[in-house]
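Colleague: Now for the letters of each chain:
There are 2 protein chains.
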Amino acid sequence: MINNLAKGIKLLIEGKPIFIYDFDNRENEIDFVIYAKYITPEWIKWMRIYAGGLICFVTDYEVGKILEIDLQTNYLKKLGYNKLIKNPCYGDEPAFSIYVNHINVKTGIRDVDRAYTIKRLYDVIKFIHQGDVSKGKEIFYNEFYTPGHVPILLGRIGKRFGHTELSLILAKIANIVPALVIVEMLGESNEALNIKNVKEIAEKLNTIIIKGEEIVQYYEKYLKHQINNNFLIV
Amino acid sequence: MINNLAKGIKLLIEGKPIFIYDFDNRENEIDFVIYAKYITPEWIKWMRIYAGGLICFVTDYEVGKILEIDLQTNYLKKLGYNKLIKNPCYGDEPAFSIYVNHINVKTGIRDVDRAYTIKRLYDVIKFIHQGDVSKGKEIFYNEFYTPGHVPILLGRIGKRFGHTELSLILAKIANIVPALVIVEMLGESNEALNIKNVKEIAEKLNTIIIKGEEIVQYYEKYLKHQINNNFLIV
Numbered sequence: 316m317i318n319n320l321a322k323g324i325k326l327l328i329e330g331k332p333i334f335i336y337d338f339d340n341r342e343n344e345i346d347f348v349i350y351a352k353y354i355t356p357e358w359i360k361w362m363r364i365y366a367g368g369l370i371c372f373v374t375d376y377e378v379g380k381i382l383e384i385d386l387q388t389n390y391l392k393k394l395g396y397n398k399l400i401k402n403p404c405y406g407d408e409p410a411f412s413i414y415v416n417h418i419n420v421k422t423g424i425r426d427v428d429r430a431y432t433i434k435r436l437y438d439v440i441k442f443i444h445q446g447d448v449s450k451g452k453e454i455f456y457n458e459f460y461t462p463g464h465v466p467i468l469l470g471r472i473g474k475r476f477g478h479t480e481l482s483l484i485l486a487k488i489a490n491i492v493p494a495l496v497i498v499e500m501l502g503e504s505n506e507a508l509n510i511k512n513v514k515e516i517a518e519k520l521n522t523i524i525i526k527g528e529e530i531v532q533y534y535e536k537y538l539k540h541q542i543n544n545n546f547l548i549v
Numbered sequence: 316m317i318n319n320l321a322k323g324i325k326l327l328i329e330g331k332p333i334f335i336y337d338f339d340n341r342e343n344e345i346d347f348v349i350y351a352k353y354i355t356p357e358w359i360k361w362m363r364i365y366a367g368g369l370i371c372f373v374t375d376y377e378v379g380k381i382l383e384i385d386l387q388t389n390y391l392k393k394l395g396y397n398k399l400i401k402n403p404c405y406g407d408e409p410a411f412s413i414y415v416n417h418i419n420v421k422t423g424i425r426d427v428d429r430a431y432t433i434k435r436l437y438d439v440i441k442f443i444h445q446g447d448v449s450k451g452k453e454i455f456y457n458e459f460y461t462p463g464h465v466p467i468l469l470g471r472i473g474k475r476f477g478h479t480e481l482s483l484i485l486a487k488i489a490n491i492v493p494a495l496v497i498v499e500m501l502g503e504s505n506e507a508l509n510i511k512n513v514k515e516i517a518e519k520l521n522t523i524i525i526k527g528e529e530i531v532q533y534y535e536k537y538l539k540h541q542i543n544n545n546f547l548i549v
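From first to last, the protein sequence lines are chains A and B. Counting in my numbering, the first sequence runs without a single skipped number right up to 549 at its last residue. Counting in my numbering, the second sequence runs without a single skipped number right up to 549 at its last residue.
Among the clues, some could well be false.
Said to hold, decoys possible - Below, simulated DMTMM-like cross-link-like pairs (lysine to aspartate or glutamate); rule was C-alpha separation at most 25 Å, straight line:
hint, chain 1, residue 1, chain 2, residue 2
1, B, LYS487, B, ASP438
2, A, LYS398, B, GLU357
3, B, LYS434, B, GLU503
4, A, LYS421, B, ASP447
5, A, LYS519, B, GLU503
6, B, LYS511, A, GLU377
7, B, LYS452, B, GLU529
8, B, LYS322, B, ASP447
9, A, LYS514, B, ASP438
10, A, LYS401, B, GLU529
As the list claims (entries may be wrong) - Listed next, the stretches of chain B that the computed footprint assigns to chain A, with coverage defined by at least 3 CB atoms under 8 Å from CB atoms of chain A:
hint, stretch
11, 401–408
12, 421–433
13, 468–475
14, 505–511
These are computed hints drawn from the structure, not numbers from a lab. Glycine is no exception: its CB is placed at the ideal position from the N, C-alpha and C atoms.
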């Protein structure tokens, strides 16, 4: 199990996509995940044609705090929309913050546009991650506008166990910038794509599926023993 | 030119999709448009695979007022995010309001989920359009939650000339409920899909492309002379 996880982390670091399945009793869904550093218009195109869900940018809630952006639910509460705030059937409070575009893009939705927005968001988070908070904030407030076409998801590791948090845990173990792109796998089905179909896609892309269970179990060990990262690399 | 417009309106009323091209000096983009009354999971699937943009629900700003929802830009101003509010390069203030899901859907993103959310949003707008405001509001506040996966766009006819408003003008001339689904045509390209490629797709779907220019010119006449709708039907 750890070998599978280690493989996934290696792929993530190298800029290859991986797939994450959450839990049988949650969304029961598989997301395509890629490190934001390596996003390209071609990957955005792949995601919208073969994945089909909402292409989201994932970072940590703590990073959101530094950027002074919050969860949409908190904004809506402040604005008095309590009646419209209900939890999805799987229980978790949604991870959505604001939607942004970079000022240099045209309409915001084209593959080249979304890739550019995400690539530059990665830079914002990279500076913050490296400790240069003012540089990160400067880029964010000068170069982005909202509402745009790239939703920012703020993950709360330990409090929530969605694809957002599962991918962030992997980034943490991998010791990379907490900046990922995720999208739900819908494929040719009208429902979420099942694990058998995603396995075929994963094989074609030379990548693997990791289960939420594996990630959470390993993360608990990781926190307890602060296992050396090298241990992971296959 | 009026014949083309009349054909488009007839298709819209019948639940067939049409394509709208905005303007050379604006987004320079073609959107797929369908009357929300006729949305199906199959159409959502078609849109995400062959269109590829953001699947949005369009209604009128006045309807938004009745539902007591506003433009995201206004919310963000209230919350003090003026520094993040900038206009896209084509100038218009974005039409985005809140993103919703219906409480009965699973994850919100699947084709069956988005179709269900949109179909029920259509009911909300239908009741309001028919004058039963309290029924429309009751459904909206009891059955929807935010943040979800279907963005509501509020069109401002006369003040803005995006695909949102152009499709609303058609709905107005067609005398149908102002409730449409629109999505940008990206296709196989990394840029927006060009008119030649969309023409081929339109032919396969037995439908047509209407230009923003035609819509605006006709709408001006329509307002001046209150032309009888029958005049339009080919």
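Colleague: Does each hint fit the structure? Answer for all of them.
Modeller: Taking the hints in turn, this is what the structure says about them:
Taking the CA atoms of B/LYS487 and B/ASP438, the gap is near 17 Å; set against the 25 Å cutoff, the hint holds. For a cut-off of 25 Å, the pair hint linking A/LYS398 to B/GLU357 is broken: about 31 Å separates their Cα positions. Only pairs whose Cα atoms come within 25 Å are accepted, and B/LYS434 paired with B/GLU503 is rejected, the gap being roughly 28 Å. Between A/LYS421 and B/ASP447, the direct Cα distance comes to roughly 40 Å. Violation of the 25 Å bound is thereby established for this hinted pair.
With a C-alpha separation of about 20 Å, the suggested pair A/LYS519 and B/GLU503 falls inside the 25 Å cut-off, and the hint holds. Note on B/LYS511 and A/GLU377: the hinted pairing is violated, with a Cα-Cα distance of about 47 Å set against a maximum of 25 Å. Between B/LYS452 and B/GLU529, the direct Cα distance comes to roughly 35 Å. Violation of the 25 Å bound is thereby established for this hinted pair. Taking the CA atoms of B/LYS322 and B/ASP447, the gap is about 31 Å. The hint is violated against a cut of 25 Å.
For a cut-off of 25 Å, the pair hint linking A/LYS514 to B/ASP438 is broken: about 39 Å separates their Cα positions. A distance of roughly 43 Å separates the Cα atoms of A/LYS401 and B/GLU529; the hinted pair therefore is violated under the 25 Å criterion. Counting residues of the stretch 401–408 of chain B whose beta carbon lies closer than 8 Å to any beta carbon of chain A gives 5, which meets the minimum of three for the stated coverage. For the stretch 421–433 of chain B, the stated coverage by chain A holds: 7 residues have a C-beta nearer than 8 Å to a C-beta of that chain, and at least 3 were required.
Coverage of the stretch 468–475 of chain B by chain A is violated. Counting CB-CB distances below 8 Å, 0 residues qualify, and the rule asks for three or more. A count of 3 residues in the stretch 505–511 of chain B with a Cβ less than 8 Å from any Cβ of chain A is obtained; the coverage claim is therefore met, three being the minimum.
Hints 2, 3, 4, 6, 7, 8, 9, 10, 13 from the list above are not met by this structure, while the remaining hints are.
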